[in-house]
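Participant: If you're matching them up, the sequences are chains P and D in order.
Residue numbering for the first sequence follows the numbering used here, starting at 1 and increasing by one per position.
Residue numbering for the second sequence follows the numbering used here, starting at 143 and increasing by one per position.
The hints are simulated quantities; they were obtained by calculation from the structure and are not laboratory data.
A hint or two may mislead.
[What the hints assert, rightly or not] Straight-line Cα separation of at most 20 Å, SDA-like style, residue types lysine to any residue; simulated pairs: (1) D:Lys172 <-> P:Phe50; (2) D:Lys321 <-> D:Val261; (3) P:Lys54 <-> D:Arg171.
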Amino acid sequence: MDCSVVRDETMDVLYGEADVETIRRVEEHQAACGSCREEMEALRRLRHDFRAWKLPELHRLRFPRRRAARRLAAAAVMVLALGGGLGLSGTEVRFEDGHFAFRLGRAAGDSERLLAEQEACARCSPVPLPSTSRRCCGGSRR
Amino acid sequence: MGRSDEELVDACLAGDDSAFDVLVGRWERKIHGAIYRVLGSDEEARDLVQEAFLRAYRGLRSFKRQARFSSWLYQIAINLCRDRMRRRRGRTLVSLDELDEAARPLAPAGPSALELVEVRDMCRAVAAAIADLPEEQREVIVLKEYQDLTFVEIAAILDVPISTIKTRLYRGLGQLREKLARQGLRGPAPVPAPTA
Chain P
1 MDCSVVRDET MDVLYGEADV ETIRRVEEHQ AACGSCREEM EALRRLRHDF RAWKLPELHR
61 LRFPRRRAAR RLAAAAVMVL ALGGGLGLSG TEVRFEDGHF AFRLGRAAGD SERLLAEQEA
121 CARCSPVPLP STSRRCCGGS RR
Chain D
143 MGRSDEELVD ACLAGDDSAF DVLVGRWERK IHGAIYRVLG SDEEARDLVQ EAFLRAYRGL
203 RSFKRQARFS SWLYQIAINL CRDRMRRRRG RTLVSLDELD EAARPLAPAG PSALELVEVR
263 DMCRAVAAAI ADLPEEQREV IVLKEYQDLT FVEIAAILDV PISTIKTRLY RGLGQLREKL
323 ARQGLRGPAP VPAPTA
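I would like the entire structure built from these sequences, with the hints used as guidance.
Facilitator: As structure tokens, then:
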């Protein structure tokens, strides 16, 4: 039998996937063919050498789960929305002397400053400026 | 007895995410081993293992039951390796530090210093020789030799006929024998003479 014909079957025998009939055919061929017999021995030695290549240690993967990720994303959106809302309404959250301090709306100082500006403008202008305006004529109309 | 991979896939599709954790625990080491040996880099292998499981998770509904879950997972891993190799323009890089670390024995009463050097040298030589193979031969050798898959499974993963798998394996083994022999690690067996 041609060596190339038994080559595929040699692979089956080498890796233990051959049936009894295939093993018999390959062994018969190798009994008559010294080079195929030696090749089989060399391949077996090579397979033994492959064992030298070990794997590095692998620690358990941390696989992000879909629901946990969704919950985290929802929590992040809520925190952002709350933070944004508080910031826009002029609310202040502080940590002082080991306690959290919350203030809703504008600070008292802000209101007083706005009133003082409006009064100053009313004094120098015959027409009151709109309360939303922070600009003053600065006495130029006098 | 634990649930089969396919039963775990069904459980995951029904909303039980913990079932996928079981699949990850069952296959991560095998998939890491395959990717590591195809690419030659532990760092990249760790990235790609994570990527492979993420892709599998996202694509669970597209998993067809003709193949086993593990074959499908290997297919994803091999495709990721091919993408990475294309980016590297075919070069396989083997880290000697990683190889030496892996070759170090865990037991305190291990082999002698001489044996350790021999094991380290063989480890380096085998890794370098496999890294030097053409990609298609390297894939087959890794899947057959280190993942212990059958020819039928490898043919399904790589989507080529079994005879092609055996041819690639035979050629790859022949090249490895020559490479190791050139380094004086193994004497080459004679090439079979053609018979009449």
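Participant: Does each hint hold? Answer for all of them.
Facilitator: Hint check results:
1. Distance hint between Lys172 of chain D and Phe50 of chain P is fulfilled; the C-alpha atoms sit about 16 Å from each other, no more than 20 Å.
2. About 17 Å separates the Cα atoms of Lys321 of chain D and Val261 of chain D, which keeps this hinted pair within 20 Å; it holds.
3. For the given pair, Lys54 of chain P sits about 12 Å from Arg171 of chain D by alpha-carbon distance, which is consistent with the 20 Å threshold.
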